[in-house]
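> Chains as they are written, first to last, in the numbering used here: chain D, 26 to 286; chain L, 11 to 530.
These aren't lab readings, by the way, just hints derived from the structure by calculation. Here a beta-carbon is modelled for each residue, glycine too, at the ideal position from N, C-alpha and C. Treat the hints with caution; some may be incorrect.
A few chain L residues that don't get close to chain D, going by computed Cβ distances all over 12 Å [stated by the list, open to error]:
no.	residue
1	L44
2	K59
3	V63
4	A67
5	S69
6	F83
7	C210
8	G245
9	P466
10	R477
11	A485
12	R493
13	A516
If you want a taste of the chain L side facing chain D, the calculated C-beta under 8 Å gives, among others [to be verified]:
no.	residue
14	E139
15	V144
16	Q150
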Amino acid sequence: MESEAPAIGICDAWKSYDGGADFALRGVTLDVSKREFLALIGTSGSGKTTLLKLINRLIEPTRGAIRIGSEDASQLDPVLLRRRVGYVFQGIGLFPHLTVAENIAITPNLLKWNKAAIAERVGEMLDLVRLPRELGARYPATLSGGQGQRVGVARALAAKPDIVLMDEPFGAVDPITREQLARDYRALHDTLGLTTVMVTHDVVEAVLLADRIAVLEDGELVESGATRDMLNHAKAAHVRELMAMPRRQAERVRALADPGS
Amino acid sequence: MGALAPQLADALSRMPEYLGAHILLSASALSLGLCLSLPLAILGVRSPKLRWVLLGAASVIQTIPSLALLALFYPLLLFLSLAAKATIGEQFSALGFLPALLALTLYSMLPILQNTVTGLLGVDSAAKEAALGVGMTPMQSLFRVELPLALPVIMAGVRTASVLVIGTATLSTPVGQTSLGNYIFTGLQTQNWVFVLVGCVAAALLALAADRLLGLFEHLVKRPDRWRLVAASGGLALLLTAGALAPHLRESPQYIVGAKGFPEQYILASLIEQRLAAQGLRADTHSDLGSALIFNALVAGDVDVYVDYSGTIWSNFMHRADSPPRETVLREMSEWLRRTYGVRVLGPLGFENAYVLAMRRDRAAALGVKTVADLGASSAAMVVGGDYEIFGRPEWRSLRNAYGLSFRQERQMQPIFMYRAVADGEADAITAFSSDGRIAQYGLVTLDDPKHAIPPYDAVLLVSPRRAGDSRLSAALQPLVGRIGIEKMREANLAVSRDDDQLTPAEAARRLWGEIEGRR
Numbered sequence: 026m027e028s029e030a031p032a033i034g035i036c037d038a039w040k041s042y043d044g045g046a047d048f049a050l051r052g053v054t055l056d057v058s059k060r061e062f063l064a065l066i067g068t069s070g071s072g073k074t075t076l077l078k079l080i081n082r083l084i085e086p087t088r089g090a091i092r093i094g095s096e097d098a099s100q101l102d103p104v105l106l107r108r109r110v111g112y113v114f115q116g117i118g119l120f121p122h123l124t125v126a127e128n129i130a131i132t133p134n135l136l137k138w139n140k141a142a143i144a145e146r147v148g149e150m151l152d153l154v155r156l157p158r159e160l161g162a163r164y165p166a167t168l169s170g171g172q173g174q175r176v177g178v179a180r181a182l183a184a185k186p187d188i189v190l191m192d193e194p195f196g197a198v199d200p201i202t203r204e205q206l207a208r209d210y211r212a213l214h215d216t217l218g219l220t221t222v223m224v225t226h227d228v229v230e231a232v233l234l235a236d237r238i239a240v241l242e243d244g245e246l247v248e249s250g251a252t253r254d255m256l257n258h259a260k261a262a263h264v265r266e267l268m269a270m271p272r273r274q275a276e277r278v279r280a281l282a283d284p285g286s
Numbered sequence: 011m012g013a014l015a016p017q018l019a020d021a022l023s024r025m026p027e028y029l030g031a032h033i034l035l036s037a038s039a040l041s042l043g044l045c046l047s048l049p050l051a052i053l054g055v056r057s058p059k060l061r062w063v064l065l066g067a068a069s070v071i072q073t074i075p076s077l078a079l080l081a082l083f084y085p086l087l088l089f090l091s092l093a094a095k096a097t098i099g100e101q102f103s104a105l106g107f108l109p110a111l112l113a114l115t116l117y118s119m120l121p122i123l124q125n126t127v128t129g130l131l132g133v134d135s136a137a138k139e140a141a142l143g144v145g146m147t148p149m150q151s152l153f154r155v156e157l158p159l160a161l162p163v164i165m166a167g168v169r170t171a172s173v174l175v176i177g178t179a180t181l182s183t184p185v186g187q188t189s190l191g192n193y194i195f196t197g198l199q200t201q202n203w204v205f206v207l208v209g210c211v212a213a214a215l216l217a218l219a220a221d222r223l224l225g226l227f228e229h230l231v232k233r234p235d236r237w238r239l240v241a242a243s244g245g246l247a248l249l250l251t252a253g254a255l256a257p258h259l260r261e262s263p264q265y266i267v268g269a270k271g272f273p274e275q276y277i278l279a280s281l282i283e284q285r286l287a288a289q290g291l292r293a294d295t296h297s298d299l300g301s302a303l304i305f306n307a308l309v310a311g312d313v314d315v316y317v318d319y320s321g322t323i324w325s326n327f328m329h330r331a332d333s334p335p336r337e338t339v340l341r342e343m344s345e346w347l348r349r350t351y352g353v354r355v356l357g358p359l360g361f362e363n364a365y366v367l368a369m370r371r372d373r374a375a376a377l378g379v380k381t382v383a384d385l386g387a388s389s390a391a392m393v394v395g396g397d398y399e400i401f402g403r404p405e406w407r408s409l410r411n412a413y414g415l416s417f418r419q420e421r422q423m424q425p426i427f428m429y430r431a432v433a434d435g436e437a438d439a440i441t442a443f444s445s446d447g448r449i450a451q452y453g454l455v456t457l458d459d460p461k462h463a464i465p466p467y468d469a470v471l472l473v474s475p476r477r478a479g480d481s482r483l484s485a486a487l488q489p490l491v492g493r494i495g496i497e498k499m500r501e502a503n504l505a506v507s508r509d510d511d512q513l514t515p516a517e518a519a520r521r522l523w524g525e526i527e528g529r530r
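Produce the entire structure from the sequences given, and follow the hints as far as they go.
Written as C-alpha cells, this is what we have:
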C-alpha cells in the first residue's frame with residue numbers, strides 16, 4: 026500500500042478569493058489513500074468546503090498542486106474530471122425540474138452512455154441506496170429529506186466514480202434518518218471500494234464513519250491522523266478538547282443507560 | 011340596426027386577409043425578437059456592462075411612440091434599398107412588411123430581454139454549482155439547468171411581448187402593411203364605428219389567444235410526455251402557416267395603388283382599382299400612408315399609382331413659395347416630376363382639394379370675417395384646428411406670414427373630429443379640405459385667400475417611374491382625367507362619412523364612375 030500513489034494528493038494549497046488580501050486556505054498539504062474514508066472537520070469558515078472543491082476543480086487554487094492518482098489535476102479537463110468524481114452537495118442539490126431518475130442519470134447522460142445502460146444503472150442505483158424503483162418518476166419536491174439525500178448519493182455514484190466528495194451530506198435530515206443514511210453510505214463505501222472525502226462539522230459523525238480525520242482551522246490543517254489516534258492522543262490541546270466531545274457524550278449515555286454501574 | 015348588418019358583413023369579408031396578415035406579421039416579429047433577444051440576454055447575464063447597454067437601449071426604444079418608430083423605418087429602408095440597387099442591382103420593397111417587421115421586432119425585445127436576464131440571474135446558485143459539479147460544461151448548464159429553471163420568468167416576458175406586438179401591429183397600416191389596423195384607420199376616417207370595433211375586438215381576441223397558446227406551450231415544455239409538446243408545436247405551426255397563406259390565396263396583384271389617410275383618397279384608390287380590374291389588371295391598395303411617405307414610395311416603385319394634389323408637390327417637394335395660376339402649377343409640376351424622378355403625371359382629375367380656412371357661418375358673420383385677410387388681428391384670440399400635417403407644412407407658414415396670423419392655439423386632430431370641433435365651438439376656425447362634403451353638412455363658410463398664399467391643389471394622377479411607360483395602365487385610367495368635378499367629389503366624400511345611409515369607399519367609387527360614364 027505504501028508504494029501506491031495516493032488517490033488524492035493536496036500539496037501546499039493556498040486559496041484567496043480577493044486577490045491575496047485574505048486567504049481561505051493557507052498551505053494545506055494532505056494525502057488521501059485509495060479506499061480511505063477521510064473526514065474533514067472544522068468550524069464554519071475554516072476552509073473545509075474550499076478544500077473539498079479544489080479536488081474536482083469547482084475552485085482553482087491560488088497556489089499549490091492537486092493530484093488525482095498519478096495525474097496533475099490542473100492538466101486535466103475540469104469538466105471530464107468532475108464527471109469522474111462523485112459529488113454530494115450540501116443541502117441536497119437535486120435539479121428541481123428533472124425527475125429522480127433523470128437526476129440520477131445526469132452524469133451517465135453527459136458521458137453518453139447508451140439509453141438501456143442508463144436505465145439499468147438508474148434501477149441499480151435506486152436499489153443500492155434502498156429506494157423503491159417507482160420513486161424514479163417523481164420530482165425532487167415530492168421527496169422527504171432522507172429520500173432526497175439518498176437520491177443525491179445515487180446521483181454521485183451513478184457514473185461509477187472511484188472518488189466521492191461529500192459536503193455536509195447528511196446535514197439536512199433528522200437525526201434518526203441521518204444515522205441510518207450514514208451507516209448505509211459507509212457500507213457502500215466499503216463494498217464499492219470508494220475513496221471518500223466528507224466535510225462535516227459533526228465530530229461524532231466523523232468519528233463513527235471515517236478511517237481518518239483531518240482538522241482545519243482558519244485555513245490551516247491543524248492536525249490529521251487515524252480516527253483512533255486522533256481520539257486518544259491528539260497533539261494540539263484544542264484538538265484534544267474537540268476529540269474529547271464524542272467520548273464525553275458516550276460516557277454520559279452509558280451512565281444513563283446503566284444506572285447500576 | 012339595418013345599416014349595421016352590411017357594414018359588419020363587409021368587415022367580416024375582409025377578416026381572412028387582415029387577420030392572416032396580422033398573425034403573420036406578429037408571429038414573425040415575435041420570432042425574430044426572440045431569436046435576437048435570447049442570445050443577447052444570455053451574453054448580458056455574463057457581462058454586467060453589456061447588460062446595462064442592452065437594457066438601456068431596449069428601454070429607449072420602448073419610449074419611442076410606436077407610430078413614429080414604424081414610420082422611421084421607411085426612410086431608413088428606402089435608403090438601404092437604393093444602396094442595394096446601386097451596389098448589387100437588386101432592390102427590395104421598403105414599404106409594408108419590412109418596416110413593420112423591424113419596428114415590431116425592436117418593440118418585442120425589451121420584455122424578452124428583461125425577463126430572460128432576470129430569470130437567469132435568479133436561478134439558484136446551488137443549482138448552477140450542482141450543474142458544474144456533476145460535470146456539465148457551461149453550455150450544458152445553460153441549456154439543461156439554467157434556461158429550464160428560468161423558463162417561467164422568460165415565458166412571462168414572451169407573453170408580454172406577444173400582447174404588445176399584436177396590439178402595436180395595428181399601427182402598421184400607415185407604413186403600408188395590411189393588418190387589423192386597416193379596420194381601425196379606415197373606420198376612424200369614414201366614421202364607420204363597426205369597422206373600428208371589429209378591428210379592436212379582433213386584435214384583443216388575437217392577443218388573448220396568443221397569450222393562452224403560449225401558456226399552454228410553456229406548460230407542455232415542462233412535462234416529460236414530449237409527444238404532447240410535439241402535437242402543440244405542430245398545431246402552432248399549422249396556425250401560422252394558415253395565417254401566412256391566407257393573404258396569398260388570392261392572386262398576387264400586378265399593381266399597388268396608394269392612398270393617404272382620408273375618405274377622398276380611399277374612394278379614388280377604389281376607383282383606380284376598379285378601373286384597372288375592368289381592364290383585367292389586378293391591383294391592391296395600401297392605404298393610410300402619409301404625404302411624404304406615399305410620394306417616396308411612388309418614386310421608389312413601392313406604389314405604382316396614386317392621387318396627389320398639385321399644391322402639395324409644389325410646396326413640399328419643389329419647395330416653391332409663390333402661387334401662380336392652376337395651369338402654370340400643373341405644367342411646371344409635371345415637368346419637374348418627369349425631369350427629377352421620372353414620375354409621370356397622367357393628368358388632373360378635374361377638381362381641387364385645397365387647404366382652406368373654414369368657420370361657422372354665424373361666428374364669421376359676428377366677427378365680420380369674409381376673407382383670411384379679415385382674420386389678421388382677431389386671430390390672436392382664436393383656436394384653429396387642423397389635421398396632423400398642416401401646421402408643419404410650408405403652406406401654413408406662407409399663409410401665416412402673408413396675413414400676419416398668430417393663433418392662440420393650433421390644435422391637431424383627426425379630420426373627422428375637426429369639422430365637429432368647429433361646429434361645436436371647440437375651435438374658432440379649421441383648415442378644411444375644399445372638396446370635403448362636410449363643409450356644407452355642418453353649414454361652414456370658407457374664407458377666400460385674396461393674396462393667393464396657398465397654391466392651387468388640383469387632384470392629379472401620378473404614376474411611378476417604372477410604370478411610366480405602361481400603356482395598359484395609362485389606358486385604363488385615362489377616362490378619369492378631367493372627369494371628376496368638385497360637386498361630384500364632395501357628394502362622394504360625404505356619402506362615405508355621413509352618419510346615415512353611409513356608403514363604403516368602393517360603393518361610392520362605383521357610383522362616381524356611373525356618373526362619369528353617364529356624362530360622356
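> Evaluate the condition: distance from the CB of A67/L to the nearest CB of chain D exceeds 12 Å.
A67/L is indeed farther than 12 Å from all Cβ atoms of chain D, at 32 Å.
> Checking a non-interface call: every C-beta of chain D should be farther than 12 Å from the C-beta of P466/L. Is that right?
Given that every Cβ of chain D is farther than 12 Å from that of P466/L, nearest at about 72 Å, it holds.
> Would V63/L pass as off the interface with chain D, using Cβ distances and a cut of 12 Å?
holds, 27 Å
> Take a quick look at G245/L and tell me if its Cβ sits farther than 12 Å from every Cβ on chain D, holds or violated.
holds, 24 Å
> With a cut-off of 8 Å on the beta carbons, see whether Q150/L makes it to chain D.
Holds, about 7 Å.
> Does the closest beta carbon of chain D sit nearer than 8 Å to the beta carbon of V144/L?
With a closest approach of 5 Å, the V144/L hint holds.
> A cut-off of 12 Å on Cβ-Cβ distance, and A516/L was said to be off the interface with chain D. Does that hold?
The claim holds: A516/L sits with its nearest Cβ about 56 Å from chain D, beyond 12 Å.
> Would you assess whether F83/L, listed as outside the interface, keeps its beta-carbon beyond 12 Å of every beta-carbon in chain D?
holds, 40 Å
> Against chain D, does A485/L hold up as non-interface, every C-beta pair farther apart than 12 Å?
holds, 68 Å
> Against chain D, does R493/L hold up as non-interface, every C-beta pair farther apart than 12 Å?
holds, 72 Å
> Hey, is K59/L genuinely clear of chain D, shortest beta carbon separation above 12 Å?
Label holds. Min Cβ-Cβ 20 Å, cutoff 12 Å.
> Would the non-interface assignment of L44/L survive a Cβ cutoff of 12 Å against chain D?
holds, 21 Å
Checked against the numbered hints given earlier, this structure breaks none of them.
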